[in-house]
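Student: Protein chains in written order, with the working numbering: chain G, 1 to 256; chain F, 1 to 450.
Among these hints, one or two may not hold up.
[To be verified] Cβ-Cβ distance ranges computed for the label pairs, FRET-style: (1) G/Arg197 / F/Pro427: 54 to 60 Å; (2) F/Leu312 / G/Phe198: 43 to 49 Å; (3) F/Ser393 / G/Met194: 52 to 58 Å.
[To be verified] In silico DSBU-like cross-links for lysine-lysine, where the CA-CA straight-line distance does not exceed 30 Å: (4) G/Lys187 / F/Lys395; (5) F/Lys26 / F/Lys89; (6) F/Lys395 / G/Lys184; (7) F/Lys79 / G/Lys195; (8) F/Lys346 / G/Lys184; (9) G/Lys184 / F/Lys397.
Since the hints were derived computationally from the structure, they do not count as laboratory data. All C-beta atoms, glycine included, are put in the ideal place defined by N, C-alpha and C.
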Amino acid sequence: MTTSTVLAAANSVSTGEAVTFWILAPLALIGGIGMVAARNAVHSALWLVLTMLCLGVFYVLQAGPFIGMVQIIVYTGAIMMLFLFVLMLVGRDSTDSLIETLRGQRVAAIVLGLGFAGLVGTGLYQALDRTTTAGLEQVNAEGNVQGIARLLFTKYVFAFELTSALLITAAVGAMVLAHVERRKQDKVDQVSTMKARFAPGNYPGPKPGPGVFATSSSVATPARLPDGRLTDRSTPAILPQRELTAEETALKGTDR
Amino acid sequence: MSPSFLAQDPTLADFGRDPWWLVLGKVVFAFAFGLLATLLGVWFERRVVGYMQVRPGPNQVGPFGLLQTLADGLKMAFKEDILPKAADKVVYFFAPTISVICAVTALSVVPFGPMVSIFGHHTPLQVTDVPVAVLLLLACSSMGVYGIVLGGWASGSTYPLLGGLRSSAQMISYEVAMGLSIVAVFMTAGTMSTSGIVAAQGDGTQLTIWGQTIPAPGWYAILLLPSFIIFFIATVGETNRAPFDLPEAESELVAGFMTEYSSLKFALFMLSEYVAMVTMSAVTTTLFLGGWRAPWPITIWEGANSGWWPMLWFFGKVIALVFVFVWLRGTLPRLRYDQFMRLGWKVLLPINLVWILVLSGLRSIEDWDTRGKVIAVGIPAGILLIATIFWPSRKPKPTPTTQEQVDNRPHGSFPLPPMDLQVPPSPRITRVVAEREPANIVAGSDSREV
Chain G
1 MTTSTVLAAA
11 NSVSTGEAVT
21 FWILAPLALI
31 GGIGMVAARN
41 AVHSALWLVL
51 TMLCLGVFYV
61 LQAGPFIGMV
71 QIIVYTGAIM
81 MLFLFVLMLV
91 GRDSTDSLIE
101 TLRGQRVAAI
111 VLGLGFAGLV
121 GTGLYQALDR
131 TTTAGLEQVN
141 AEGNVQGIAR
151 LLFTKYVFAF
161 ELTSALLITA
171 AVGAMVLAHV
181 ERRKQDKVDQ
191 VSTMKARFAP
201 GNYPGPKPGP
211 GVFATSSSVA
221 TPARLPDGRL
231 TDRSTPAILP
241 QRELTAEETA
251 LKGTDR
Chain F
1 MSPSFLAQDP
11 TLADFGRDPW
21 WLVLGKVVFA
31 FAFGLLATLL
41 GVWFERRVVG
51 YMQVRPGPNQ
61 VGPFGLLQTL
71 ADGLKMAFKE
81 DILPKAADKV
91 VYFFAPTISV
101 ICAVTALSVV
111 PFGPMVSIFG
121 HHTPLQVTDV
131 PVAVLLLLAC
141 SSMGVYGIVL
151 GGWASGSTYP
161 LLGGLRSSAQ
171 MISYEVAMGL
181 SIVAVFMTAG
191 TMSTSGIVAA
201 QGDGTQLTIW
211 GQTIPAPGWY
221 AILLLPSFII
231 FFIATVGETN
241 RAPFDLPEAE
251 SELVAGFMTE
261 YSSLKFALFM
271 LSEYVAMVTM
281 SAVTTTLFLG
291 GWRAPWPITI
301 WEGANSGWWP
311 MLWFFGKVIA
321 LVFVFVWLRG
331 TLPRLRYDQF
341 MRLGWKVLLP
351 INLVWILVLS
361 GLRSIEDWDT
371 RGKVIAVGIP
381 AGILLIATIF
391 WPSRKPKPTP
401 TTQEQVDNRP
411 HGSFPLPPMD
421 LQVPPSPRIT
431 RVVAEREPAN
441 IVAGSDSREV
């Protein structure tokens with residue numbers, strides 16, 4: 001954010017730009033703090049989404065519409081979504097406990113974080129203070145998208161290709177790790193599944209639900225088959241099979 | 001196309017000069033268009049599906065049942081708003097809102113028409129346009145996923161979560177196919193602004209065949225047919241419509257991510273689905289079907305592409321595409337999840353990549369004219385078509401007869417009904433037959449059947 005303000009200060013800032021900045025900058029900051037402070041992992045991710053959206057708008061504001069939109073599509077739309085995907089599988093009730101596993105960890109993290117921010121901020125400030133800005137008109141002379149494309153495919157083509165090679169390697173590596181080689185004869189097709197289902201010894205229909213024709217709605221009460229016998233197929237294997245006594249099934253006197 | 005009509009095309013410089021009331025009016029118009037499209041879209045869908053299933057559909061409220069959706073919406077507003085105990089309250093509240101906002105925002109860069117004059121202001125019929133307008137559309141659709149995913153997660157129950165996870169996987173996969181098919185449009189049009197793409201589809205190159213000058217089709221649906229097909233399939237996947245409505249599969253996930261939603265929040269989800277359908281139709285029209293430009297036979301009339309008329313063509317195309325959406329729903333069964341993923345990653349994506357490669361190869365050929373374009377694209381396409389039609393099919397395995405199948409059944413299999421079972425005639429039919437043919441009944445007045 002320091003960069004953008006420095007760059008913006010070099011030229012004149014229009015009212016609309018200033019208003020948008022002063023609305024979104026606090027929001028982005030709140031998002032950042034909320035991401036760290038939120039105890040629920042999904043809430044953390046959502047705060048980060050807020051920050052990323054604000055950053056996207058900032059890019060657009062800084063006359064970089066392409067990078068702004070790409071920020072929203074790629075980071076907010078795809079990467080954070082995958083992140084959320086994983087977090088949801090972890091379980092919605094998994095919240096961070098506030099107990100420190102390492103003594104003084106939190107204070108150290110805050111101090112180090114502030115120190116890092118200070119370092120980066122000063123470094124950027126020192127670097128950008130003395131540079132003369134070329135101006136957006138010059139950069140976007142042939143259009144924002146075309147300008148980026150020219151840089152990507154001429155000056156930075158090697159870095160660009162290296163990055164893509166890195167990403168492809170990562171993707172291929174993940175696929176190799178996750179891939180399970182399955183022999184052709186091990187594959188079960190639909191026909192053989194059906195044959196196995198109707199093979200002698202297998203009951204093809206659905207299992208009776210617990211409590212069907214039973215005297216109680218408890219899952220421990222076995223269902224009755226149409227001929228009146230009890231079936232243990234309807235109860236979980238760990239539950240003992242029993243039928244309620246007359247005393248238990250009698251009305252409790254609460255509904256009179 | 002003569003220069004006077006090209007002047008109707010708005011350029012990027014034409015945007016951002018409207019007075020505030022005009023901007024407000026355009027925004028309200030786009031919003032109202034989305035809402036009205038929902039109102040009529042639900043009715044349209046139910047009527048068309050009803051027609052396809054040989055039943056009337058809603059026909060009681062208002063003329064032709066037009067007000068049915070309004071009545072349903074009113075009813076929904078008065079329903080109890082249920083907040084599940086396990087729900088994450090804030091996220092649960094925001095999820096439908098995100099969906100609707102993303103669906104409606106996308107309408108802001110859709111060009112409804114050319115430059116028109118509104119109260120003396122010469123202005124394009126489009127809320128706004130930016131150099132990366134199409135990316136804005138993509139961003140809206142990728143943010144729209146959040147509404148569904150968060151709705152599914154925040155409900156705090158199993159089926160919605162499954163629906164939410166499905167939809168996130170689905171929409172991310174199909175966004176890739178969608179983005180890649182738009183790349184072909186970018187390459188051909190040379191711009192990412194929606195008005196620029198519409199303009200690029202309009203500059204009709206002339207074909208001269210046997211001394212006859214014919215305006216060559218400029219629509220990208222024809223020039224970039226593979227992109228168009230893939231884009232439309234991806235659109236259906238992106239809007240969660242049948243046959244890709246896995247996130248809300250009624251028969252397996254109850255209603256997927258919106259199981260726990262009721263009242264106005266459910267109405268918002270419903271609204272966002274239909275607005276997204278209309279928005280996506282509008283985007284498809286803009287990118288591939290020439291936008292607000294009149295189709296060929298109408299362009300014979302000189303004024304077809306100027307003034308307010310183009311809005312009519314635009315709405316016509318959008319309605320036609322919405323009809324295709326409904327048609328798909330009425331025709332195709334829902335895909336299984338793995339089939340769906342296979343289609344996205346193993347069919348659409350590779351075809352798309354190869355097609356983009358071919359297209360960029362074609363474009364880099366130096367002396368490039370329309371005839372060369374048509375020959376280079378048309379002949380391989382024709383050969384491919386003929387090859388697919390006449391491709392020898394694999395020799396089918398001889399199917400065993402019923403008797404062989406019965407004989408091969410293992411011992412103790414389920415009892416089979418007799419294979420030569422004759423369905424006994426209905427008693428009503430026998431009576432009719434008996435009355436018609438009394439000769440079949442044994443003579444004797446006492447045994448006479450009535």
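Student: Taking the hints in turn, state whether each one holds.
Tutor: For each hint, the structure was consulted:
Hint check: G/Arg197 to F/Pro427, Cβ distance near 37 Å, so the stated range 54 to 60 Å is violated. Between F/Leu312 and G/Phe198, the C-beta spacing of about 59 Å breaks the proposed range 43 to 49 Å. Between F/Ser393 and G/Met194 the C-beta distance comes to about 25 Å, which lies outside the given range of 52 to 58 Å. A hinted pair counts as satisfied when its Cα atoms are at most 30 Å apart, and G/Lys187 with F/Lys395 qualifies at roughly 23 Å.
Restraint check for F/Lys26 and F/Lys89: not satisfied, since their Cα atoms lie roughly 35 Å apart, outside the 30 Å limit. Only pairs whose Cα atoms come within 30 Å are accepted, and F/Lys395 paired with G/Lys184 is accepted, the gap being roughly 21 Å. Taking the CA atoms of F/Lys79 and G/Lys195, the gap is near 48 Å; set against the 30 Å cutoff, the hint is violated. For the hint linking F/Lys346 to G/Lys184, the alpha-carbon distance of about 19 Å falls within 30 Å, and the restraint holds.
Restraint check for G/Lys184 and F/Lys397: satisfied, since their Cα atoms lie roughly 19 Å apart, inside the 30 Å limit.
Taken one by one, the earlier hints fail for this structure at numbers 1, 2, 3, 5, 7, listed in ascending order.
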